[in-house]
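Number of protein chains: 2
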Amino acid sequence: MAKKSTKAFERKSAALAALIEALGNRKVVTEGREKYMASFDSSKLSFDYDALILARTEKDVGTVLKLANEYKVPVTTRGRGTSLTGSASPIKGGWVLDMMKMNRIVIKKEKSMAIVGPGAVVKDIQDAAEEEGLFYPPDPSSLKYCTIGGNVACNAGGLRGAKYGVTRDYVVALEGFLPNGEKVSWGGEYKKYATGYNIRDLWIGSEGTLGVVTKVVVKLIPKPAAKWTIVVAFESEDKALQGVQEIARLGLNPAILEYLDCNSIYCAEEIGGVKLFKEVSGKPLLLIEFDGTKARLKEDRLRTLEWAKESGIAFKEAKNEKTAEVLWNVRRACSGAMFALGNAKINEDIVVPLENQAKFARFIGRLQKKWELPMPTFGHAADGNFHVNIMFHREDEEEKRRAKGAVAELMEKVVALKGIISGEHGIGLAKTPFMTIARNPAEMEVMKAIKKALDPKGILNPGKIFDVFEVWDKTPEKVGLPWDKKLLPKQ
Amino acid sequence: MAKKSTKAFERKSAALAALIEALGNRKVVTEGREKYMASFDSSKLSFDYDALILARTEKDVGTVLKLANEYKVPVTTRGRGTSLTGSASPIKGGWVLDMMKMNRIVIKKEKSMAIVGPGAVVKDIQDAAEEEGLFYPPDPSSLKYCTIGGNVACNAGGLRGAKYGVTRDYVVALEGFLPNGEKVSWGGEYKKYATGYNIRDLWIGSEGTLGVVTKVVVKLIPKPAAKWTIVVAFESEDKALQGVQEIARLGLNPAILEYLDCNSIYCAEEIGGVKLFKEVSGKPLLLIEFDGTKARLKEDRLRTLEWAKESGIAFKEAKNEKTAEVLWNVRRACSGAMFALGNAKINEDIVVPLENQAKFARFIGRLQKKWELPMPTFGHAADGNFHVNIMFHREDEEEKRRAKGAVAELMEKVVALKGIISGEHGIGLAKTPFMTIARNPAEMEVMKAIKKALDPKGILNPGKIFDVFEVWDKTPEKVGLPWDKKLLPKQ
Numbered sequence: 001m002a003k004k005s006t007k008a009f010e011r012k013s014a015a016l017a018a019l020i021e022a023l024g025n026r027k028v029v030t031e032g033r034e035k036y037m038a039s040f041d042s043s044k045l046s047f048d049y050d051a052l053i054l055a056r057t058e059k060d061v062g063t064v065l066k067l068a069n070e071y072k073v074p075v076t077t078r079g080r081g082t083s084l085t086g087s088a089s090p091i092k093g094g095w096v097l098d099m100m101k102m103n104r105i106v107i108k109k110e111k112s113m114a115i116v117g118p119g120a121v122v123k124d125i126q127d128a129a130e131e132e133g134l135f136y137p138p139d140p141s142s143l144k145y146c147t148i149g150g151n152v153a154c155n156a157g158g159l160r161g162a163k164y165g166v167t168r169d170y171v172v173a174l175e176g177f178l179p180n181g182e183k184v185s186w187g188g189e190y191k192k193y194a195t196g197y198n199i200r201d202l203w204i205g206s207e208g209t210l211g212v213v214t215k216v217v218v219k220l221i222p223k224p225a226a227k228w229t230i231v232v233a234f235e236s237e238d239k240a241l242q243g244v245q246e247i248a249r250l251g252l253n254p255a256i257l258e259y260l261d262c263n264s265i266y267c268a269e270e271i272g273g274v275k276l277f278k279e280v281s282g283k284p285l286l287l288i289e290f291d292g293t294k295a296r297l298k299e300d301r302l303r304t305l306e307w308a309k310e311s312g313i314a315f316k317e318a319k320n321e322k323t324a325e326v327l328w329n330v331r332r333a334c335s336g337a338m339f340a341l342g343n344a345k346i347n348e349d350i351v352v353p354l355e356n357q358a359k360f361a362r363f364i365g366r367l368q369k370k371w372e373l374p375m376p377t378f379g380h381a382a383d384g385n386f387h388v389n390i391m392f393h394r395e396d397e398e399e400k401r402r403a404k405g406a407v408a409e410l411m412e413k414v415v416a417l418k419g420i421i422s423g424e425h426g427i428g429l430a431k432t433p434f435m436t437i438a439r440n441p442a443e444m445e446v447m448k449a450i451k452k453a454l455d456p457k458g459i460l461n462p463g464k465i466f467d468v469f470e471v472w473d474k475t476p477e478k479v480g481l482p483w484d485k486k487l488l489p490k491q
Numbered sequence: 001m002a003k004k005s006t007k008a009f010e011r012k013s014a015a016l017a018a019l020i021e022a023l024g025n026r027k028v029v030t031e032g033r034e035k036y037m038a039s040f041d042s043s044k045l046s047f048d049y050d051a052l053i054l055a056r057t058e059k060d061v062g063t064v065l066k067l068a069n070e071y072k073v074p075v076t077t078r079g080r081g082t083s084l085t086g087s088a089s090p091i092k093g094g095w096v097l098d099m100m101k102m103n104r105i106v107i108k109k110e111k112s113m114a115i116v117g118p119g120a121v122v123k124d125i126q127d128a129a130e131e132e133g134l135f136y137p138p139d140p141s142s143l144k145y146c147t148i149g150g151n152v153a154c155n156a157g158g159l160r161g162a163k164y165g166v167t168r169d170y171v172v173a174l175e176g177f178l179p180n181g182e183k184v185s186w187g188g189e190y191k192k193y194a195t196g197y198n199i200r201d202l203w204i205g206s207e208g209t210l211g212v213v214t215k216v217v218v219k220l221i222p223k224p225a226a227k228w229t230i231v232v233a234f235e236s237e238d239k240a241l242q243g244v245q246e247i248a249r250l251g252l253n254p255a256i257l258e259y260l261d262c263n264s265i266y267c268a269e270e271i272g273g274v275k276l277f278k279e280v281s282g283k284p285l286l287l288i289e290f291d292g293t294k295a296r297l298k299e300d301r302l303r304t305l306e307w308a309k310e311s312g313i314a315f316k317e318a319k320n321e322k323t324a325e326v327l328w329n330v331r332r333a334c335s336g337a338m339f340a341l342g343n344a345k346i347n348e349d350i351v352v353p354l355e356n357q358a359k360f361a362r363f364i365g366r367l368q369k370k371w372e373l374p375m376p377t378f379g380h381a382a383d384g385n386f387h388v389n390i391m392f393h394r395e396d397e398e399e400k401r402r403a404k405g406a407v408a409e410l411m412e413k414v415v416a417l418k419g420i421i422s423g424e425h426g427i428g429l430a431k432t433p434f435m436t437i438a439r440n441p442a443e444m445e446v447m448k449a450i451k452k453a454l455d456p457k458g459i460l461n462p463g464k465i466f467d468v469f470e471v472w473d474k475t476p477e478k479v480g481l482p483w484d485k486k487l488l489p490k491q
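First to last, the protein sequences are chains Z and D.
Position one of the first sequence corresponds to residue 1 (the numbering used here), numbered consecutively onward.
Position one of the second sequence corresponds to residue 1 (the numbering used here), numbered consecutively onward.
No lab work stands behind these hints: they were computed from the structure.
One or more of the hints may lead you astray.
Copies of one chain are not kept apart here, so a pair can be met inside one copy or by any two copies together.
Here are the simulated BS3-like cross-link-like pairs (lysine-lysine), alpha carbons at most 27 Å apart as the crow flies [said to hold, decoys possible]: (1) K183 with K418; (2) K418 with K108; (3) K108 with K413; (4) K359 with K66; (5) K239 with K35; (6) K322 with K298; (7) K109 with K123; (8) K215 with K66; (9) K400 with K227; (10) K72 with K448; (11) K359 with K101; (12) K223 with K298; (13) K452 with K183; (14) K278 with K7; (15) K219 with K359; (16) K215 with K448; (17) K109 with K227; (18) K35 with K92.
Between the sequences and the hints, there should be enough to build the whole structure, so can you do that?
Set out below in structure tokens:
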């Protein structure tokens, strides 16, 4: 045993020495605050590891992987580390490969494409596209911080998903490296191909376990000319979710259709002090935004107002960005205010099919009573992707136990309602205990077989997705992150 | 050797007996015209095989695969067999699994989804969607015949790809079976998931080599209110392809943007007798269709007319479906008329990035001269997906030799121009010799590793994509298919 661990130590040291020799001292960080801050993601689950690598070029990435493959060193790739699931936490140690410096953004207007490095921040891509009259729609809440590489890794979504889709819908091509350091590209600067297996889409959402992306080609679309926003209050959660179905039935196609349940509204109004309506309190809302040509918006507005008058109990509209901000405040306020209900939040991004949404809302009501924890729930109702925010106090062992029980029951229910346990965050470490309720044994075997076939040495982001990790046994770091408590639903 | 082949024969017989016992005589066809007609696809490359299976239920499919796995029988899944590449030809014999009877179509209006069997004909799905005011955009030329299962297998595209994308962009979920007969589902009736590897998109485009689809959930979108069509003639092919870039630069987003080169126009005008303009002859065209709200179309029309007057030498517009038909006739006529130039056509669906399209057109000019064969070229210019139609006489060995040389040179050039060898047809048998110029060794290894991991016995559609097949050494069947020579670009 002692001999074995000595050997392991020697291999680690040799690997690190080879790495420093290949990349130089400046790109390899083996101690200090910077290294510590890359030992966890937004889950704050920290693990010890050997070296932080600040990749600057494609060649760096190839070199790192060749060495990692040779010495069997685990490699956890990361962008800004905004993941909520621990997917960027280096649970098996080894090396952390930081891609933030590979953040090139080139907009190709005539092709409606952007060629970006994996470290490019999503908001920066959006801004660069807008300057050319173009639009990159995916808008995860962390968009001011998170990178396109991370968005590709978990197939990030956002508020505009119902109309515009998610990251996957905009990725035209990926370039990068296999775990053995060999260069591959899946697609090019063209939108169509039917030439062998589609590995591009297999990599998207694989959470850094199959390859490392060094270049992303994304599709851009024409920027919508204008927006129109409305908030509608409903008598009950049932009525609000019926409203989601009515909007679909009317053939309306809003860019954003956010649902806020009674608890979320309580947070916004009573804690956050943001109250949209004088005449009604504590009522669930739909926050709806249309975009498109002015003519189209005019038509959408008329039809939506007619529906709102009939189905809602109050509404407020905004014709420009400034008054829209007032409406968005309610969503923003509720996110922050939740922390008055508990200093810890489990944000589960589950998906429920349209026809089961009302059933699901009633279930959340029961779940809160049973486990005696507040669970303000809001989310992207048009695609059934709700964020159930289970609030508790981390230092209270009894509350922790109840939160754990609530999460497990939630996951079982979501699958029973023919939904799925993650819509946009991914599995990482946090959701590993629930993979087997979401996926049958044959499906799990297919995924594991692919992992084994493409990463036979198990180098890339080991310990994620497939190995069950007991997140509750591990204490998160007590450290502030720039986006803590202020992840904005709208920028 | 003799012993081995006796054993193989015995295993085949035992497998067939077990199959008939499990499925009954009516679903298993072992001789006759029906079986023969399923021995090839639109490539007309016919191979001998043991049994045609007419699957009626999901259970049938599971049973077939369990037996095939047990007895190691090759299984080639097929829909209508419109594939041009031989992807549905049972090159390794065994069983052909016909899915045409599994053609259920259920439209779920409030969810904007259709739940369809793999045997559902694409045009029938479109019609059913339209009845509910919805729209299924992918439109391969064979849409009146081809099935959604086949469309999923090759990720079929069509004319509306530039604005609306391809089959992949509409597939929400797939249900089906692994090669070992185990049931799996990739996604459900919801649009978002980030729960383990995305096998749905790996199956799409895998040409029936990884699994058998028994249910497809597709996304539908609101049906556009109106259309506006224009045909613009240009002084030269260069100018026409510059036009494609200008349209992109203007931020116009047509649903269809078809390019027809001089040769295609020659076919339409001189052979097909369809002449759109009195004042100009033999000039390349762009056929452009916008769709959307009437207000939007008005705006698009004004901007497009302004551009057409400046860049084109003649144009004709159509404000309704009937006059649009007249414009579409030119595309239709050219497809049929080509057969006056040769009784055999190789239709290569290559893709070239926008910036290299003009270069590519000049290359096609040189290629025709060098190999002394006509190659009318048209296609979906906005996404760079051109159909190069190499015409020759099949019985003329010398012409065949030249056609073969031209295809090889075409493929090399496409890759050199940073394009890809297939945009929507797939690889099948026909394009297998060119896979290794389109994909590097590392990429090929990844694909092969996946095939081996998911189908270790090599049962599903063996001999496709990866094994080089010399299509020129095999004589196609002399048999008529309903869509021969009349695959319409527009229905």
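Results for each hint:
{"no.": "1", "hint": "K183 with K418", "result": "between (39 Å within a copy, 16 Å between copies)"}
{"no.": "2", "hint": "K418 with K108", "result": "between (41 Å within a copy, 16 Å between copies)"}
{"no.": "3", "hint": "K108 with K413", "result": "between (45 Å within a copy, 23 Å between copies)"}
{"no.": "4", "hint": "K359 with K66", "result": "neither (51 Å within a copy, 38 Å between copies)"}
{"no.": "5", "hint": "K239 with K35", "result": "neither (50 Å within a copy, 56 Å between copies)"}
{"no.": "6", "hint": "K322 with K298", "result": "within (19 Å within a copy, 30 Å between copies)"}
{"no.": "7", "hint": "K109 with K123", "result": "within (18 Å within a copy, 35 Å between copies)"}
{"no.": "8", "hint": "K215 with K66", "result": "within (18 Å within a copy, 42 Å between copies)"}
{"no.": "9", "hint": "K400 with K227", "result": "neither (42 Å within a copy, 58 Å between copies)"}
{"no.": "10", "hint": "K72 with K448", "result": "both (19 Å within a copy, 23 Å between copies)"}
{"no.": "11", "hint": "K359 with K101", "result": "neither (46 Å within a copy, 36 Å between copies)"}
{"no.": "12", "hint": "K223 with K298", "result": "both (18 Å within a copy, 18 Å between copies)"}
{"no.": "13", "hint": "K452 with K183", "result": "both (19 Å within a copy, 21 Å between copies)"}
{"no.": "14", "hint": "K278 with K7", "result": "neither (71 Å within a copy, 85 Å between copies)"}
{"no.": "15", "hint": "K219 with K359", "result": "between (37 Å within a copy, 23 Å between copies)"}
{"no.": "16", "hint": "K215 with K448", "result": "both (26 Å within a copy, 24 Å between copies)"}
{"no.": "17", "hint": "K109 with K227", "result": "both (23 Å within a copy, 26 Å between copies)"}
{"no.": "18", "hint": "K35 with K92", "result": "within (15 Å within a copy, 56 Å between copies)"}
Hint compliance for this structure: hints 4, 5, 9, 11, 14 are not met, and every other hint is.
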